[in-house]
Structure formats: structure tokens, C-alpha cells
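Which chain is which? The protein sequence lines are A and B, in order. Using the working numbering, read the first sequence as starting at 3 and increasing by one per residue. Using the working numbering, read the second sequence as starting at -2 and increasing by one per residue.
Computed from the model, here is a short list of chain A residues facing chain B with C-beta under 8 Å:
(1) 44
(2) 45
(3) 92
For the record, the hints were derived by calculation from the structure and aren't laboratory data. Just so you know, even glycine gets a beta-carbon here, dropped at the ideal spot from N, CA and C.
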Amino acid sequence: DVKVTQSSRYLVKRTGEKVFLECVQDMDHENMFWYRQDPGLGLRLIYFSYDVKMKEKGDIPEGYSVSREKKERFSLILESASTNQTSMYLCASSFSGKVPNIQYFGAGTRLSVL
Amino acid sequence: DAKTTQPTSMDCAEGRAANLPCNHSTISGNEYVYWYRQIHSQGPQYIIHGLKNNETNEMASLIITEDRKSSTLILPHATLRDTAVYYCIVRVIEAGGYQKVTFGIGTKLQVIP
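Isolated chain A (complex conformation) (with noise of 0.2 Å):
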């Protein structure tokens, strides 16, 4: 079975501070995508990645920043977390070209920024 790990379940920060979350898969996929879901706003793209070291924005990419250096890892960074950045952060990987395209979740980080 696929498998997509994120580093928390449950996160607490203060305003200001840099946070990293993190996300490895392992089933050699290309491509790696962050999420966020907000209630009645549903899921949306902030940045994804289609190789190593390639990225692209999503569709709310402000206020983040990723990194993938190997592979299986793709990591997002809150540069200075803000309160409206509290939310469910999602994290996805699939493989390039394929079909079906299907994309394969983790099971989420709960970001609550104070």
C-alpha cells in the first residue's frame, strides 16, 4: 500500500514563528502537492512539486514556502506563521503521466497558530 507520512498530527505555534511540516511518501512518486482545508472553503493547492528541486505554485501560495530536496520528501515552510494560517495542512503524492492520476493523502497536520 501507498504510503504518505506527515511528521504531525496535531500542531500548536505562536505568531512569528517558522514552522516546518513535513512529508515523505514511499512509493517513488513524482510528484508532491500541499493542500490546506478551511470549513466551507474545501480543499486548495498551495504549492506542488513535480520532480526534485521543481516546484510550483498553487493556487494560495502567499505567506509559504517549500523545499524537496530528495524524492520522497517534500517539506512546507510558514516563513513567520500567522493566526490565518491556522488550518489542516494535507499532503499528497502521485505519479507523473499516469492514468488514472490518482493521488494518494496523508492523513494531515492540525496547524493552530496562537
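We have chain A already, so just place chain B on it with the hints.
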């Protein structure tokens, strides 16, 4: 990607079939229909996909209309564990295999004992 429209919520009696509709009237010929679900406090999970033909797997069936403008996900015998938010997504693989996916609000299915 084509936009999809789903009802916000639905109820289904346990043991009965749950039929979840999705409208995708602007779908293009090379776009697939995918269904995912998200059980509370978990990440979304892939259920099924289709292009033109009806599809069935161990989880569900997918019925796509002949004009492909709408589809229905069928859970043949709903259980309490099927209570979840169900997302209908229409998408095409873009050049280079980059795959942005837009998840809408989905349909919250409540299975009632």
C-alpha cells in the same frame, strides 16, 4: 479543469444504495471523472475514476451519462463507515504530467442507522 457541481449534503439509510450525483456540463473530451472521499479527520481517499464507460470496483460504481455532462457515484450497500465527504473531480493530465487538482466542497453523505 472543468467545474463540477454537487449537492452540499445527502442522507442515506444504512444498507440502502447511496447515489451521489455530480454535474460537469463543461467537461472536455480528454477529461476524466474522479471520485474521492474524506472520512472525518483523515485525508481524502481515491474511490474510482472513468472516462466514458461505466466503471465498478470493490468500493463503488460510477455511472457516466452518454453526453458525459454528469455522473453518479453509487455505493451499493451503504454502511455507517461510508459517512464522509465525497468529492467529484474532473481533470486532464496537463503537458509534462503536472497535475493540479481542484477539490470543491463535495457532498457530505450521512449514513443513518
